[in-house]
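*Asks:* Take the sequence shown: its position 284, counted from the start at 1, is 284 in the numbering used here, and no numbers get skipped.
Calculated from the structure, these hints are not laboratory results.
Among these hints, one or two may not hold up.
With a straight-line cut-off of 30 Å between C-alpha atoms, the simulated DSSO-like cross-links for lysine-lysine are [unchecked claim]:
1) K254 / K167
2) K248 / K167
3) K73 / K38
Restraint ranges, calculated between C-beta atoms of paired labels, are given here [said to hold, decoys possible]:
4) T222 / Q285: 20 to 30 Å
5) Q159 / S342: 56 to 66 Å
6) K38 / A98: 55 to 65 Å
For each residue, glycine too, the CB sits at the ideal point set by N, CA and C.
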Amino acid sequence: NMLDPIAPEQRPWLMERMQQRRRGELLPDIVEAEMVRKDGSRFTALVAPAGLYDDKGNFTGFIGAMIDISPRKELEQRLQDRVAEVEQLNRTLTTLLADLQTTNRDLETMTTQLREANEELEAFAYSVSHDLRAPLRAMQGFAQALLEDYAGHLDPVGQDYAQRIVKAAQRMDALIQDLLAYSRLSRTQVTPQPIPLSAAVSEVLRYLEEECQQREARVTVTEPLPLVQGYQPILIQVLSNLLSNALKYVPTGKRPFIRIRAEERDTWIRLWVEDNGIGIAPEHQARIFRIFERLHDAETYPGTGIGLAIVRKGIERLGGRVGVESVPDEGSRFWIELPKGS
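Input sequences plus hints: build the corresponding full structure.
*Replies:* Quick look at the structure:
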């Protein structure tokens, strides 16, 4: 019987169709139906049924042909699922594009604001460099003239006041210069390239040669010093600040000893600047890299409190890291890390 393999829930529907066709209604010759195998599993088939009738016109059963279209139905389902996924991806992409356009507009606004801020900062830096330093130089010059030309007319108190004016003007000028140097680090266009550490260290030591001689400092450079990826002007400034501090922060009467060496650490080069200075307590070793952080008064150890902030800012602009290991009264071991140059 044709009804046997047809799913039970579809048999009434199929019989009704056959009755409709017998009444002369125009219906498709082939229909899609759910079928049941002998093991109970189901599949979809195209069925072309025909009714069987006896001599009196009574319905006795079905005959017909069927084709298993389960593979096609599975493929159609996969295609429908894929279409749904593509539609969802398109909706997601549309949302992302809208977000990206909004982000681009925000970035353009921020870029414009940043450009305007940089222009204002440039103007401010120019004003600081020229307009503020000019009065300082005048103060320093007139106070120096008082000491040189009118010292005989000043009592010891007056001379002391004049000397304080000179020193204060010098400290203020040094502070302005360090602030300008710190500010320039944020605006400098950095183009990293391979730099020989040995050449950079030699240049800084030549610059500090007179100060080293005055302090009778002993400086040891342990070769080799390899190539690093960096930017020469910033690296020179960083090394100059580190070595100046190593010369400066040494107890009175103690001969400075500085050792410079490098070591490879995976894809990094770590350069050490070791000294025999006053050292830094553990609780202060993080804050000394902040701007205006001082651990000692300016009379004991002159400085502006910006030197190590410049070191940190400069190394960060080069994509590197900086740190210190130190024990009070036993010296410090400052280090900077930069990517290998080759």
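*Asks:* Next step is simple, just say for each hint if it's right about the structure.
*Replies:* Structure-based check of all given hints:
A hinted pair counts as satisfied when its Cα atoms are at most 30 Å apart, and K254 with K167 qualifies at roughly 25 Å. Under the criterion of a C-alpha separation no larger than 30 Å, the hint pairing K248 with K167 is consistent with the structure, at around 18 Å. In summary, the hint linking K73 to K38 is supported, as the alpha carbons are separated by about 21 Å, within the 30 Å threshold. At about 24 Å, the CB distance of T222 to Q285 agrees with the hint of 20 to 30 Å.
Separation of Q159 from S342 is about 59 Å and conforms to the stated range, judged on CB atoms against 56 to 66 Å. Against the hinted window of 55 to 65 Å, the Cβ-Cβ separation of K38 and A98 comes to about 56 Å, which satisfies the hint.
Checked against the numbered hints above, the structure violates none of them.
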